[in-house]
Amino acid sequence: MDSKIFSYIDPSPPAPADGGALSGKRAAVQSSISVKGWPTEAGSRALEGFIALEDATVVERLRAAGAILAGNTHTGELGFGLAGDTASQALKNGLVDVTLMTDTLGEGRVAAASAGVFGFKPSYGRVSRFGLVGLVPSMDCCSILGKSLDDLAAFLEAVEGHDDRDPSMGDTPLEAFRMGRGSSPGSERSSLSAGVVVQSLESLNAGGRKVFEEALRRVEKAGIALREVQCEDFDLFRIVHNVIGSVEASSSCGKFDGVRYGHCAAGAKNWNEMYLRSRGESFGRVLKAYLFQGAYFQFENYPAFERACSLRAKLAQAGRKWLDGVDMMILPTRCAAAHDRPAETVEQVYDIFPLTLPANVTGQPALTLPGFLPTSAGDLGLQLVGPAGGDRLLLEAAGRLYPRTEEAR
Amino acid sequence: MMQNGRWDCGNVSMADAGKEIHLAGWVDALRDHGEVLFMHLRDRSGIVQVVFSPEFTPPEVCERARALRSEYCVALNGRVAERAPGTENPHIETGTLEVLVQDLSILSRAAALPFGISEKAMVAGGAGGGVDSVAEELRLQYRYLDLRRPSMQQNLAKRYRIIKTARDFLDEKGFLEIETPLLTKSTPEGARDYLVPSRHYPKHFYALPQSPQLFKQLLMVAGFERYFQVVRCFRDEDLRPNRQPEFTQLDLEASFIDEEFIYELVEELVSRMFAVGGVTLPRPFPRMTHRDAMDFYGTDRPDTRFALRFVEATDIFADTQYSIFKQILQRGGRIKGINVRGQSEKLSKNVLQNEYAKEIVPSFGAKGMTWMRVMDGGLESNIVQFFSEQERHAVLERFGAQDGDVILMIADSSYELVVSALGQLRLHLAERLGLVPSGVFAPLWVTDFPLFEATEDGVTSNHHPFTAPHREDFNPSDREGLLDLRSRAYDVVVNGEELGGGSIRINSKELQMKIFQALGLSREEIEEKFGFFVRALDYGAPPHGGLALGMDRVASMILGTSSIREVTAFPKNRSAYCPLTQAPSEVSLAQLEELGLLQLGEAKPIPGVQEQQELIETLSWVSRIGLETDERPAILSALADARKLAEIVESRAGREEPLFAPLPVANRMREKGPAVNSPLAAGGELLKNAPAVKGNYFKVASILD
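From first to last, the protein sequence lines are chains A and B.
Residue numbering for the first sequence follows our numbering, starting at 1 and increasing by one per position.
Residue numbering for the second sequence follows our numbering, starting at 1 and increasing by one per position.
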């Protein structure tokens, strides 16, 4: 196996549990997802040399269902952005059937779209985040990338469900996810409809719009009725995500003290200098700028954070309103222009994810589908966003779009 | 119709049948029927169908026509002919005829289009194109193509007609159009100025005018008596969806006049402009004092197309036992309501309680809303049981209630909050219940504005400091007295939108100085900012007054467009950016050098830079993240971005309760039983990841040196 793709490869994977639903399936996780005894550095010097002491809940459940964990893949610094990320390559190169990624801005979906595979971000609260190295707790999610919808559904079914160790899952469990196995995933509901967010198309160039319109025709042919939906505040998602995300990142990175684990600067004369230097050396340029933005809102302009949360409430309400009358929203996963250069500023990181981050802000499930939006800049990915808890609906709808024999391999 | 030997496409008529004509324009649409090719040719005047067919078109011309694509610029000769019965096109003016082409020249080719331009279907019943689904950013980037569309051509032509009508009318009334400078003096009042650096006076700046206010008053002092100007004004304000950094005003001012002159003049002016769009405005415009507007509609620009006027209910509940009202009234509060007549079917208990009382009204800032449905001559509600018989009776009578009505009340200790929330509720209900009649225009004068508004430590002008007060015998240091003063200002409002406003001005130096004094300006400040103007008042300034109308808004309303960008040829986008020219843009260092801007920070530190550096230090310290010198520029720029985000959040935030997580965070309790150490701690595993350990402890640097 390829160590350019894997950060750690399990030399002797434990024998898989017999007869599980995932029996014989090969999986990888990002190095931000804890596997007991494995290096789990999450692409960050702040976790230099860290060996996980416990399995993440998703890992425990994958193994219980019979999946074989091959290793963990390289990840962007603490999962923020895609610089250095290799999760989708493991899949593309056929090394595994499914890979799990953390999704803060839409990393899972954008990586999947670029690689031409399926990527699914479940509803917030459906999959336990225990054991994930998070950055933005109210938006992070464990997303699932795979080459077939069946694999996505099977893995989701295996890892989802209540976990006492994750207090962000809420006390009212979401309706359990069950996909009728064997039957065609598209057979459950007779009529489906989707809303096209007009404002989400502003990021497309003329060519992108053309393929998007062609994709919409295919969607309509598959029996999904389309309607245009206006979202005047679409530009606010990114702004709200940046304000709230930076504050939560600044707060959740407080735990990296260079004492219990991670990098510790040598020769510091006193306690404060040790913190300043260790933490100063632990964070890369882009993440550091993000953490300073968060500190600014936390310590110098807290009202702006509260207003952003108030806007988040408004956006969540609006999100429910748009879904009033349609089953899901439909939009591209990524815009072509942003990928030519590596992101060097927070703004450039956000430039990559304007179309995926709304689902992180609202906690809605979102699915990216390959093969619909081929452009000279690669596959843009066709994204479906459903109502919170409506994970199954999304997978069913996607099933209709792929005649069984032609499903992407 | 012919000019320079060229005929207008849109004006060819059946009377021209049989004539050989010459046309030029753009290919609007093509329809290929094998041997025969139909084309819509478009010029400014309209569209005509032309036909290429081997029957009457020479073979080489037919061949050339095969290369045609949308928006090619072409010229052609042909013969006008009646269309065969059944092939007429009702979508275009010239739909009964066509031009049989004999010669064609391609004047200029067009590349593949970023979006469709054609709006007219080529066959009866066909669907016309439109740009509703095209991203506005793209339309603005290729504005010259967007403007080719007949609807945009018509918008700008109508806008021209509207402004010409205004010019003609004012000319008729003896007004002179006089230009005032665009490079003027910066005055820090009002919105932010756009600044223009001066090359001849390094480190000095002109400002672009926010309005020609002082210049037009000086023209009155100069004895022109009646002035007007169609003038571009500039304001560097926060971004709003329907706002432009530069906009066009119809600015006017006249001497020896009073309010009645302005009302009469402006009503005629506005009516004539609306007539261009086929709208007849009712005259005279009703007048409403600012106080009545607030009292009955909760806004200074009421939409009077529908009723739903507020009813005062404070006195009804003076002795109430209903505890919520009682407490509010004890704190000097107010209760007002509206009667939504005959809507009890649409406003069910569920809608009123769960939507309006719990969600909608709180988002307007009120703590709650009281609702009552009128049934069988009585009141039905969740709280009416707490009202006395007398109170119930008084409510029915005061609101003129009949069966099927719904009475809504808002109570609060603050009058401003009651009327503002009720005003927003009024608009919400009108929209939801379809109470706003379409095609109706309701103009209105709002008058007698307060002269001043309260600030934290004093007062500020509600309009501007040159507006005349109703009374001159006020004490400039009595804050309460100042806040009671009314001004001679007036706004013209149509359908709840302010189209313009103005006032009778101060023409006495003493009074003007008294107003400045009330605003807390020192003699030095007055001299520095307004010295030139105050001096002019020393030389026989006539009584005068005027008004300015926002022409972009006027044109947009007359033409019923969705935004003022639809009536502006080259607007900026919502972010005050021009996607076409990509302005604003960076400029070369040489340019900055020439303007003396490079050294600006040396003599006088640029405000903010020092603070920014200090801010970085503070944030680095409180979040305990060290910084290398070469990392600072990136952090500075990220913090500048953060401030911009804060500004946007500030300008767009509503009153929604903050949402901190998608799901409510759950409490997790430890299971009952004795507390035990984590097995990971007991087994020593927790120490295994530590960079430094001493014995059974994490090793850290000492707290002090």
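Please keep in mind that the hints were generated in silico from the structure rather than gathered at the bench.
Note that CB positions come from ideal geometry on N, CA and C, so glycine has one too.
Treat the hints with caution; some may be incorrect.
Below 25 Å or equal to it, Euclidean Cα-Cα: the simulated DSS-like pairs (lysine-lysine) are [unchecked claim]:
1. Lys321(A) / Lys120(B)
2. Lys321(A) / Lys346(B)
3. Lys699(B) / Lys269(A)
4. Lys688(B) / Lys36(A)
5. Lys269(A) / Lys367(B)
6. Lys321(A) / Lys367(B)
7. Lys255(A) / Lys688(B)
8. Lys699(B) / Lys255(A)
Far from chain B, some chain A residues (derived; all Cβ distances over 12 Å) [said to hold, decoys possible]:
9. Ser12
10. Gly66
11. Leu95
12. Tyr124
13. Asp166
14. Glu202
15. Ala265
16. Met274
17. Ala289
18. Pro303
19. Gly371
20. Pro374
21. Thr375
22. Ala377
23. Gly378
Short, incomplete list of chain B residues facing chain A, as computed with Cβ under 7 Å [what the hints assert, rightly or not]:
24. Ala111
25. Pro114
26. Glu137
27. Ala646
28. Gly654
29. Asn689
30. Phe698
31. Ile703
Right, here's what the structure says about each hint:
1. Lys321(A) / Lys120(B): It is violated: about 34 Å lies between the C-alpha atoms, which goes past 25 Å.
2. Lys321(A) / Lys346(B): Since the Cα atoms of Lys321(A) and Lys346(B) sit roughly 20 Å apart, the hinted pair holds (cutoff 25 Å).
3. Lys699(B) / Lys269(A): holds, 13 Å
4. Lys688(B) / Lys36(A): holds, 13 Å
5. Lys269(A) / Lys367(B): violated, 55 Å
6. Lys321(A) / Lys367(B): holds, 23 Å
7. Lys255(A) / Lys688(B): holds, 17 Å
8. Lys699(B) / Lys255(A): The hint holds at about 16 Å.
9. Ser12: holds, 21 Å
10. Gly66: holds, 27 Å
11. Leu95: holds, 28 Å
12. Tyr124: violated, 4 Å
13. Asp166: violated, 9 Å
14. Glu202: Its Cβ does come within 12 Å of chain B, the nearest being 4 Å, so this is violated.
15. Ala265: violated, 8 Å
16. Met274: Check fails; 4 Å does not lie beyond 12 Å.
17. Ala289: Its Cβ does come within 12 Å of chain B, the nearest being 4 Å, so this is violated.
18. Pro303: violated, 8 Å
19. Gly371: holds, 24 Å
20. Pro374: Holds, because the least Cβ-Cβ distance between Pro374(A) and chain B comes to about 18 Å, which exceeds 12 Å.
21. Thr375: Thr375(A) is indeed farther than 12 Å from all Cβ atoms of chain B, at 15 Å.
22. Ala377: holds, 17 Å
23. Gly378: holds, 21 Å
24. Ala111: Not OK, violated: Ala111(B) not within 7 Å of chain A, min 11 Å.
25. Pro114: holds, 5 Å
26. Glu137: holds, 5 Å
27. Ala646: OK, holds: Ala646(B) within 7 Å of chain A, min 4 Å.
28. Gly654: Holds: closest Cβ of chain A sits about 5 Å from Gly654(B), inside 7 Å.
29. Asn689: holds, 4 Å
30. Phe698: holds, 5 Å
31. Ile703: Because about 5 Å separates Ile703(B) from the closest Cβ in chain A, which is inside the 7 Å limit, the hint holds.
This entry does not satisfy hints 1, 5, 12, 13, 14, 15, 16, 17, 18, 24, going by the numbered hints stated previously.
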